[in-house]
Amino acid sequence: MKLFFVSLIFCLSAFSAAFAQPGDLQLAQQYTMNGDLQKANDIYQKLFKQDNENYYSYYVNSLLSLKQFDEAESITKKLLRKYPADYQYQITLGRIYRQQGNVAKADDVYNNLVKNMPADQALITNLATQFYQAENADYAIKIFLQGRKLLKNDRLYTLELLSLYRYKRDKTGLIEEYLNFLPQNPNYLSQAQNTFSTVFENDADYDLLRTELLRRIQKQPEELIYPELLTWQYLQQKQYDQALNQSIALSRRKNDKGAGVYDLAHILAGSGAYDEAIRAYEFIVANGSKEDPFYIPARVEILDVKNQKIVADKYTQADLLSIEQDYLSLLNEFGKNAGTAFAMQRLANLQAFKLHKYADAQKLLEQVIAVPNLRPNTLASCKLDLGDIYLMNNQPWEATLIYSQVEKANAGTPIGQDAQFRNAKLAYYTGDFTWAKGQLDVLKAATSQLIANDALNLSLMITDNTTFDTTGNALKMYARADLWIFKQLPEKALLTLDSIDKKYPGNNLTADILMAKARIYLQQKEYQTVVASLKQIAEAHRFNLWADDAVFMLGDLYENQLNDKNLAKTYYQKIITDYPGSLWINEARKRFRILRGDAPDTSS
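Read left to right, the sequence shown gives residues -20 to -1, 1 to 584 (mature numbering (1 follows the signal peptide of the UniProt record, and there is no 0)).
Keep in mind that the hints are not guaranteed to be accurate.
[What the hints assert, rightly or not] Using 20 Å as the maximum straight-line C-alpha spacing, the simulated SDA-like pairs for lysine to any residue come out as follows:
#1 LYS545 with ILE565
#2 LYS270 with LYS337
#3 LYS570 with TYR559
FYI, nobody ran anything at the bench for these hints, they're computed from the structure.
I would like the entire structure built from these sequences, with the hints used as guidance.
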């Protein structure tokens, strides 16, 4: 019986000790978080003495935080002698030497480990992971490279090495690894491009890539992934002519009917490289036939890019009429059908917004909508444009009817919300502010951030200008001016805007009028006049709803039109410091960092 009680007491003591240790560990960790490192170390030491292996990492890290290097080295060497095949102790020993400042001694330990590493794929991966976790990416890379040699397979560990090179911002290693990997794995091309654009900081980095690509193209002319990546590289450096030349050569080798060139042409046009975009489309037309999938689209896109090029500069009525005639000739040649619907739509927009031929534009879009087998998105887009033309042509009931059709057919989608917003704007233009505000308040939660922000701004403006003036007469006059701006009739818009203060002195629309004028002058590319209006808003109306828009627009103008990067940076910084809740905050922060010369953010 006595023996039974002795045994029972022993078991209970052991049971108690087993449960005490996790409590002790939590207490030690709490001491560490509170900065009581010595108290934490005393507990870790006790736990280590009870169970060397399980509490080694806690204890050795505690010793290193207290700079007790001798004790850390001593316990590590003892466990290394006991478990010579467990590489964690060699890695930790090297870390101890590094923290002591004895880098050469640490490298001896690490190099010995790499030299004597067995040809075991799983073990090599585990070893490299331990080095990475010990914040030693250089030796993690060495482990993987040595592993390739031992296992006689140069394709092993590619994704791991790419991750490490990106972490270290090792551009040469990253280029080499991706260019070895991509020929067998072309689906990773987009990932490679995204990684390069994130890690590369200047033209010198892109020059490294170009040099290596040209070397490989010469050595391995059969590999098509290299010229494809070279085309992308030229685009990044805005060497548009070179990018197009490369794409044309690649298209000929692939015999892809101009598919790659067509995609590139869209990018070139979006980048303002209009001459190169036109040359790209002309290549497709010159080397194709009417049966080819990109032939007719290329014919249409040539006209669209020519239109963009004219409008981007000072243009004359004769320029616009020439483009209109080109569209009409194309439609006469290919007919009005589903294949030319987008040409009809673009011609209608040219006629309505630039030539103010509302009847012609309206008739053309009504013909488009009647075309059978039209894609749903194309049909919805054409209906919205037709609604705009009804509005411009003084047919508001027809406009609201067709907007409502699109909204109902596309409920809850971005295009449906766009239709709802246009309906709200129509009510605003015609002075029905109560109904317009009701719709705008719903749209403040729209999935499109742009629509949500525009809805919020317009709703606030209606509230500000109808609270104390219930007639809303000044706002009605401003809305008429806004409609003239929408119709791209700037003279009538300016005349109306200038009349508001004369007819309704003391109104609350000063900042709104300035912003409206800025939009007009921006269309006319009178940038210095735009700057004057925006500065008035930014300086005299700092708390107005247009203030952050004005500041951001100033930054954009100085960066992209007036070529004053320092002033642009000043205005982007003003968004960050003065308007942290602005819709423009993320874009301003990104542009500010680029102009300041920061390395790209790789946290994502």
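So, going through the hints one by one against the coordinates:
1. Among the hinted pairs, LYS545 with ILE565 is consistent with the structure: their alpha-carbon atoms are about 18 Å apart, no more than 20 Å.
2. With a CA separation close to 31 Å, the supplied pair LYS270 and LYS337 exceeds the 20 Å bound.
3. Pair hint LYS570 plus TYR559 holds up; C-alpha atoms about 15 Å apart against a cutoff of 20 Å.
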